[in-house]
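Student: Sequence lines, in order, name chains A and B.
Under this note's numbering, the letters of the first sequence match residues 1 to 343, in that order.
Under this note's numbering, the letters of the second sequence match residues 344 to 686, in that order.
These aren't lab readings, by the way, just hints derived from the structure by calculation.
Any given hint might turn out to be false.
Pairwise CB distance ranges (calculated) [as the list claims (entries may be wrong)]:
1) B:426 with A:194: 56 to 62 angstroms
2) B:666 with A:258: 42 to 48 angstroms
3) B:346 with A:286: 51 to 57 angstroms
4) B:417 with A:97: 18 to 24 angstroms
Partial selection, computed: residues in chain B whose CB lies under 8 angstroms from chain A [to be verified]:
5) 492
6) 536
7) 544
8) 561
9) 580
10) 589
11) 590
12) 626
13) 628
Ideal Cβ placement from N, Cα and C applies to all residues, glycine included.
Each chain is listed here by its residues.
Number of protein chains: 2
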Amino acid sequence: MSKKISIAIDAMGGENAPNKTIEGIKFFLEKNINKDFTLNIFGKEDIINEKIRKYNIKSNLINIINSDTVVSDEETPMTAVKNSKNTSMWNCIKHQLDGKSDISLSAGNTGVLLVISRMILKMMNEVSKPALAGLWPNQNGMNVVLDLGANIECNDQNLIDFAELGSALFKSLFPKESAKVSLLNVGSEEIKGTEMLKAASKRLRDLSNEDNFIYNGYIEGNNIMSGKSNIIVTDGFTGNIALKTAEGTAKFITKNLKKSLTENLFTKISLLFSYFSLKKFQNKLDPRKYNGAIFLGLNGPVVKSHGGIDSIGFYHSIDLCYKIVKGDLMSQVRKNLHHSKSA
Amino acid sequence: MSKKISIAIDAMGGENAPNKTIEGIKFFLEKNINKDFTLNIFGKEDIINEKIRKYNIKSNLINIINSDTVVSDEETPMTAVKNSKNTSMWNCIKHQLDGKSDISLSAGNTGVLLVISRMILKMMNEVSKPALAGLWPNQNGMNVVLDLGANIECNDQNLIDFAELGSALFKSLFPKESAKVSLLNVGSEEIKGTEMLKAASKRLRDLSNEDNFIYNGYIEGNNIMSGKSNIIVTDGFTGNIALKTAEGTAKFITKNLKKSLTENLFTKISLLFSYFSLKKFQNKLDPRKYNGAIFLGLNGPVVKSHGGIDSIGFYHSIDLCYKIVKGDLMSQVRKNLHHSKSA
């Protein structure tokens, strides 16, 4: 493909914008050796230019587009549409609708981003509800987990759609691996769970084939990271609780580990010997590497970076956008939907 | 209180019974210095006596009660009642019903234990559904989390009951600490979550007072272990997923940490210096210390040990039974129910 990958970046969203967003852009420009992309940077032109100078960015791969206003963190989804027009976030999505960007990225207000993305890009006809997907490490590589909270209550059709969308995302990010779907449940036997889950499981079993995804049945919480499946499908309530619980557990353990490894002179000496191995360990689990939740089911992908992220984390979310477009997510989605809707 | 604490123990339940159960009993007899208890051991008398000799147990605090049969792992809750009569598990609960034991403990088939406990002991009149509660560490001490999977679908009344039962359990185990209840939700703001959660939250706010429990509002998954609240209330589906996800995450991290700390000569040397601190760290997170889920809402408490547990883990579940009775759980439950039913 010779077509350039075009990414719309809201430089003004998030707690540390625009310093961390612009520094993240700098890292991406340094690390991506392919140079087959354009970064469309949305925000107040004078501020953006000041930061570009501050971080000494010299590149012909960026394109600054002025937006005078910014979506406030206090804005609610109800008032978002009225108050968000021509903000940096709005202009990103509009740029994407006009075909000038392939994907949008913002670290701003999540609720507002979801509402205006849906309003501007519109839902795909074949999809019942949009979903919020995230990446999560497993023993063999990476999981796609969805829905992470866009839909608090779901029916079996929603879960089928999430399986299709999630495996399309997985295949665009990891084209060499096969997509293996599981439904998150309280047991692995067929009789476990709600009637809604049983109905979804039966239909996923019918749809399971090498072309779209292999359905592996139910998975329990303790096996999410086992690598048995790599697309974990659940409703937005359960997905949100599961992911946040995993985050909290990881934080609890690493905090206590750090305390143990610095509590006296001996443990501090031990750090000298294990420094590089512990760095590698920390690097593997670094949550900044998984920064970025992806809205799926709209006529184009939108990525939400964590609001409090630093520049390394923001770099990873730009890289995620690049990979999603490079892996041709939207074609994968259309192929998957074609399979299941004609089944 | 001069009355002896009497614990009914199913010695035949679980994958490693009766070796690990009897060795666990031995540890309890060695470690409990109060000696204000009787352990009623249910199982085949000749096998139990053989193990008692094997582990060199000499104590006048044990009482062996013969039961010729054992609940099979293949038994389903449907056929349990017909096939479980006079098994070691059944006889434990019957002993408790007859007032000869205060609490029952089994590492056997969970579904069967729940069904026969409910059938023999009966539900408390004031409680809508029984719950399965568990212990989980937090930054300041310990959480009680419930329901862990007894009830896949719940209404707001069930959640109110769980809050009452969970805080009674907490107060019986940790009499010096105050009971702080939170509802597990996808956000901390009042507008977040399902209508059912909003209704439960409103009623819990009305019931909040120093005498039974303080209601702290919603809690998100990443704050379960923060210590902000110590009784985490949720439906059985979400609770099961959250706890198992936390287990899986902890296992994933410790496995990768172990790999990092043994990967070369330097890291192995580092272990010499940090050995005792890492042992303390491991000890704090040792899942065997939290072994034992508690059935609440029946006319008497029943504890389920993990089926694959070793003798140290089984020891901890006997100790949990002892503490529950010592802390007078059933009086705490009645007091809490009185508060809220008369509110």
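Student: Hint by hint, say whether it matches the structure.
Tutor: Quick rundown of the hints versus the structure:
For the hinted restraint 56 to 62 angstroms between residue 426 of chain B and residue 194 of chain A, the CB-CB distance of approximately 28 angstroms leaves it violated. A beta carbon spacing of about 31 angstroms between residue 666 of chain B and residue 258 of chain A contradicts the range 42 to 48 angstroms that was offered as a hint. Checked against the hint of 51 to 57 angstroms, the pair residue 346 of chain B and residue 286 of chain A passes, with Cβ atoms roughly 55 angstroms apart. Take residue 417 of chain B and residue 97 of chain A: their Cβ atoms lie about 58 angstroms apart, and the range 18 to 24 angstroms is violated.
Interface hint at residue 492 of chain B: satisfied, since its Cβ lies 5 angstroms from the closest Cβ of chain A, which is below the 8 angstroms cut-off. With its C-beta approaching chain A no nearer than about 7 angstroms, residue 536 of chain B sits inside the 8 angstroms limit, and its interface hint holds. For residue 544 of chain B, the interface hint is violated, since its Cβ never comes within 8 angstroms of a Cβ in chain A; the closest pair sits about 15 angstroms apart. Given the 8 angstroms rule on beta carbons, the hint for residue 561 of chain B is violated: about 11 angstroms separates it from the nearest Cβ of chain A.
The beta carbon of residue 580 of chain B is positioned within 8 angstroms of a beta carbon in chain A (closest approach about 6 angstroms), and the interface hint is therefore held. Interface hint at residue 589 of chain B: satisfied, since its Cβ lies 4 angstroms from the closest Cβ of chain A, which is below the 8 angstroms cut-off. Hint status for residue 590 of chain B: holds, given a least beta-carbon distance of 5 angstroms to chain A, under 8 angstroms. With a least beta-carbon distance of about 10 angstroms to chain A, the hint placing residue 626 of chain B at the interface is violated under the 8 angstroms criterion.
Given hint, residue 628 of chain B at the interface with chain A, holds; its Cβ is 7 angstroms from that chain's nearest Cβ, closer than 8 angstroms.
Comparing the model with each numbered hint stated earlier shows that hints 1, 2, 4, 7, 8, 12 do not hold.
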